[in-house]
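Sequences are here, hints too, so could you generate the full structure?
Numbers 6 to 1254, taken from our numbering, label the letters of the sequence shown in order.
Hints should not be assumed to be uniformly reliable.
Using C-beta positions, here's what the derived DEER-type ranges look like [claimed, not checked]:
#1 Pro1215 with Ala998: 48 to 54 Å
#2 Leu228 with Ala289: 28 to 34 Å
#3 Phe542 with Ser1187: 54 to 60 Å
Listed next, the in silico SDA-like pairs over lysine to any residue satisfying Cα-Cα at most 20 Å (straight line) [to be verified]:
#4 Lys648 with Asp576
#5 Lys893 with Asn679
#6 Lys129 with Asp245
#7 Lys1232 with Gly637
#8 Lys280 with Val268
#9 Lys648 with Gly291
#10 Lys1232 with Leu1178
#11 Lys280 with Ala297
#12 Lys789 with Pro767
#13 Lys893 with Gly947
#14 Lys129 with Thr240
#15 Lys129 with Ser147
#16 Lys934 with Lys1009
#17 Lys1232 with Pro716
#18 Lys1009 with Pro1123
#19 Lys129 with Asp234
#20 Lys648 with Lys129
#21 Lys1232 with Gly1182
#22 Lys893 with Glu1031
#23 Lys648 with Arg706
#24 Lys129 with Gly143
#25 Lys648 with Ser710
#26 Lys129 with Ile247
#27 Lys280 with Asn250
#28 Lys799 with Asn679
#29 Lys893 with Thr749
Derived by calculation from the structure, the hints in this document are not laboratory data.
Positions of the beta carbon are idealized from the N, C-alpha and C atoms, including for glycine.
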Amino acid sequence: MAQQAVQHHDRAGRSRPYAVTSCAARRNHRGCPPARPAPCRGTDCQADTRRSRLWLVASVALLLQIPQVSHAGQLSLANSPLFLGTAVEPNIVLLSDDSGSMDWDIMILGDQGRISLVGATQTKTFSYVLPAADNNYGFESSNGRILPSEESVQATANMPADAYGVWRGRFSGFNVMYYNPEITYTPWSGVDGAGNPFGNIGPLAAPLDPFNTSSATVNLTALWTWEADDVPRTTSGNEDIIVTNYYPARYYTWTDSDSDGVVDTDDAHTRIEIKPGNAPFVHASGDRGDCANSLSCTYAEEIQNFANWFSYNRRREATAKNAIGNLIAGANGIRVGYATLHNNSGASRVPIASMNADPASGNKRAVIDGLYRTASSNGTPLRQRLRDVGRYYECASGNIFGASGSNCPILNAASGGTCQQNFTVLMTDGFYNGSSPSVGNRDGDDDTMFDGAPYADNVSDTLADVAMRYYEQDLAPGLADAVPVSAGIDNAAHQHMVTYTVAFGVTGELDPFGTKTPGDGSDTDPADPGFSWTDPFSGSSAQQNARKIDDLWHTAFNGRGTFLSAGNGGDLSNALSDALANIIDRTGSAAAVALNSASLSTDTRIFQARFNSSEWSGELRAIPIDSDGNLGAALWDAGERLKTQAAFSGWNTNREIITWDGTAGTPFRWASLNGNQQAALNRNASAVTDGFGLQRLDYLRGDASKENLAPYSFRVRDNGFKLGDIIHSAPVFVGAPPFLYPDTLESIAYSVFRINQLGRTPMVYVGANDGMLHAFNADTGEEKIAYVPSQVYKSLSALTDPGYVHRYLVDGAPTAGDAFYNGAWHTVVVGTLRGGGQGIFALDVTDPSSFSETNASNIARWEFTDSDDADLGYTFGVATIAKMHNGKWAVILANGYNNTENDGGSTTSTTGDAVLYIIDIETGALIKKISTERGMAESISGATPNGLAPPSAVDVDGDYIADLIYAGDLQGNMWKFDVQSSNPVNWDVAQAAGPTPQPLFVAKDAANVPQPISSRPQVGFHPDGENGLMVFFGTGKYMETGDNSAASPQQVQSFYGIWDEQGTASGNHSIVDNADLQTQTVGTGTFASETVRTVTDNAIDAWGTGTGEHMGWRVDLPSTAEKVVTDSLLRTGRIIFTTLVPNNSPCAAGGTSWLMELNFRNGGPPEFSVFDLNEDGVFNDSDTTTTGAFVIGIDAGLGVMPEPVIIDDPAKSRELKIVTGTSGDVKAIANNPGPLENANGRRSWRQMQ
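Here it is as structure tokens:
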């Protein structure tokens, strides 16, 4: 569990893997004061082997949020990740097929997607099921025949008894383009040609082209007449059938009479005509969200749905417009261009531009309008047009947009072109033709490291050759090559084009999704020796057509994109959404990781949280790590699992979600909410009451039926995601109880509790900005329960707003720990909201098998909000769980930031003071509030509220009870709180000048300006065995808008090691001053052409305040705007921390980080080489700089990093630091654990999450 230990440390400053322990047996060791037990620090003062805990690297964003010196007024806390502020928008060209076949309203798998009627002497194909004045082909042409009705064929002589099964053309299970009564058809996104939003279609006047306001219309409730040409006879020849009295609003249902899974011509079927007398229309799926009863629709509801299908989805082209239009309407943070194979004299051609938010205006409207103007005709020159897109990316003349070469889409270096990614998404329903692209055999010429096997074939000028041509060639040779690479997927750092392909309703000979035995002749894995690509130019006409679809897969494979297959309109929407989601995912993400084991073993897993900022969806992945420290493929993603879990009606029946109604836990169901909560959900994002509260609650549970559906028009969750973005909430693993509490600590032995809970389901807890704390099964990724805190109700409606602007909700990192109350041991998760609200909550998670809505009152223990105390602000830090000297187990919590802001509660702070809270973990009652009396009045501006950073609790005498608490604040004060008394009345700031509390130390720069402290201090014994404790911490903040600035000048931040000589002794002593500190200077060195960091080694020869004596040390951070905003670790004489260096370059992933390791005694270099820089598995002088200096800092190349997670690897005499960063990648860095033998379990203390 991620319960923080009340910390204690062993010799040489190595912190031990359990919470509270005694140093008595080690009293003569360096680092243990004589005859003095070891201190324990952390959020919970608990003993812990850390063998089965998830440790997470503080979320990438956690290190990303905390400002410099405050200015007047409240802090301008950011509402989205600061490191995303300068991301480079990727370029995407959507290349859509506008060949003649896209005009057809029939799509059958095989036979080019049309219906063939086989007579005695003739076979005829039919392309349409409905006559329309704008059908591209005449009804007498071979490409324009209209399928007759079943009744007209039956009424004609010389026709088969089964009427050729023409009914199947009006059955969506056969003709996937036809009306499917189980689907809700919605209007297109954006506006029509006159600028009016698309709406429901009137059945009496349904337009053939809804974009064209002067389009011809048809009456879908009248009887139609047309001619079905060339219907084959059962005798020789064919017949022109006049179809009369045809009611167009019809569909068929099917019974598989012979149970063969095939829609046969003579299978039982029923015609349903959408007429008033035939209502109600019953639907088994229950997915008709447009109907008041989703299982049974009225005539008005059904005819409306049919009319929407007719105008918005009837043809292949219309379906593509619907899918692509929805995709573009919801796309943000990308640059998009739209082109087609023929471009219709430029009417539908729109070059790449950045996408604004509103689909009814600006660049987004221009692209969508171009899409809706598309008119399909002619052939399918895929190869030539993909080549022309490549020419566009390389800024050549004759490109897809017809320009001379001046319209270059790749940005210049200053704007981020060096790392900009470029994509093409090609969608087609057919087999290509046309002239050669004249590119040669680019995948088989073996002229670069990017071609050859498994990409190669022996054929020239294929579509796949075009993709390879523009992948392997540098499209912008004048730019530096800094395009992000994806190991094993896309290894090209030069500017290149990645190609995605979408096959709409067509299949080839090869099965891209098949699972064959590697090496056999029919294998479909291009990397296996038995595989070979098919030749699209050999074989019969039918074989060539199929092999050209294989070439679509080959194209995506060569272009390092993805091949996607879509069998119907819904599949097409999903495929395009998947392509865009994959593109956005490749452009960057942030992550927090956690481990289920402190020591490397065969079942060690990393749990990594990531998010997608294009749609604000989240991931939680379980990643295995092998004995060599290599990371494997993700075993599961909880975001994907939750999509499946909530599918169909699963949002209602398969999810257990609870909340707090103000007095107790209750199901997250409409009837269980209190009046204020219902009122909040009944208001939209603009605070207008619309009465859609019940539907909003269903949406939050996962119901998608009201997305983009009038009158609700809820936000569309692209790709069907249900898990919201996880940014600062570091996941926490809770397995079997891991602590080593003595059985005498409480009246019930802890060992009994441990034994009883050994087999409980391992869980991962993480907060998301969908308004919930989620609990996932750590083995499977299945969500077991979720909790909606009462403080986020004010923001929940915003999640349903189609114009959603990101905000934080449950963004804080949870803490988990064991505590004793009510006569029993319990496991409790304490959650914070960070920027989501001024409040915390506690859940009893002792028994995951009891997780259910009916048990909500036993799971949700309490909430503590600013209504309980006005000085509570936005709690950015994690809470601490500890036993106190009054016999109570408590939650120790810093008050956080902006407590003077009214976040919807009834009270606000009048002082802005930094405050420490100690809360009864059983009841949520406030045991003690300790104010530092440093607030607005003491700020530089005189008006900015202060805020306490996360605290560290310390057990000094080894009784597993917190004695001291240390915490910093934004005004640079490091506070020490004395909680040794059995009476909470006596708990207070440890030092005072008269009635005024005094800090242990005030961090100030050279100009005597306070340096903000926003991370938790690390506490250890004195390195030379002196009395008292050492307190280690860094300065800086990264939470306000503007804290990500790299502009000069910036305040210099520092890292400190301060000696608290009093320890637990009573009485005041002088505040440590900067003049009392030894200083070290960070420098740079070189190792194998890489820049690394070194540090001076100025000695501390004596401790004290006299001449030549020191009370600790400081190290100033050398880079502009560099800061420490994550927690540090203490191991084998080293203090380990990461720094954050903002970088406003769009190619810098928000900035960089240095992983730093200093000697905890004086802030100089460790006494041994800590990094295996040459990766030879040995830590020695070969890992030093060119001048022989020990390396104390490296840049892992991951962007901005949180603190590392450490795994012991005693088999290789090393430790592995698992680090992640804003790049979204994860690395395992081998480190020297030092001269002491590894202890079993974790040896470093980290903050309890």
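Against the structure, the hints come out as follows:
| no. | hint | verdict |
| --- | --- | --- |
| 1 | Pro1215 with Ala998: 48 to 54 Å | 50 Å, holds |
| 2 | Leu228 with Ala289: 28 to 34 Å | 30 Å, holds |
| 3 | Phe542 with Ser1187: 54 to 60 Å | 56 Å, holds |
| 4 | Lys648 with Asp576 | 16 Å, holds |
| 5 | Lys893 with Asn679 | 32 Å, violated |
| 6 | Lys129 with Asp245 | 12 Å, holds |
| 7 | Lys1232 with Gly637 | 11 Å, holds |
| 8 | Lys280 with Val268 | 26 Å, violated |
| 9 | Lys648 with Gly291 | 18 Å, holds |
| 10 | Lys1232 with Leu1178 | 14 Å, holds |
| 11 | Lys280 with Ala297 | 18 Å, holds |
| 12 | Lys789 with Pro767 | 11 Å, holds |
| 13 | Lys893 with Gly947 | 38 Å, violated |
| 14 | Lys129 with Thr240 | 14 Å, holds |
| 15 | Lys129 with Ser147 | 8 Å, holds |
| 16 | Lys934 with Lys1009 | 27 Å, violated |
| 17 | Lys1232 with Pro716 | 48 Å, violated |
| 18 | Lys1009 with Pro1123 | 16 Å, holds |
| 19 | Lys129 with Asp234 | 10 Å, holds |
| 20 | Lys648 with Lys129 | 43 Å, violated |
| 21 | Lys1232 with Gly1182 | 16 Å, holds |
| 22 | Lys893 with Glu1031 | 32 Å, violated |
| 23 | Lys648 with Arg706 | 11 Å, holds |
| 24 | Lys129 with Gly143 | 15 Å, holds |
| 25 | Lys648 with Ser710 | 14 Å, holds |
| 26 | Lys129 with Ile247 | 17 Å, holds |
| 27 | Lys280 with Asn250 | 14 Å, holds |
| 28 | Lys799 with Asn679 | 13 Å, holds |
| 29 | Lys893 with Thr749 | 15 Å, holds |
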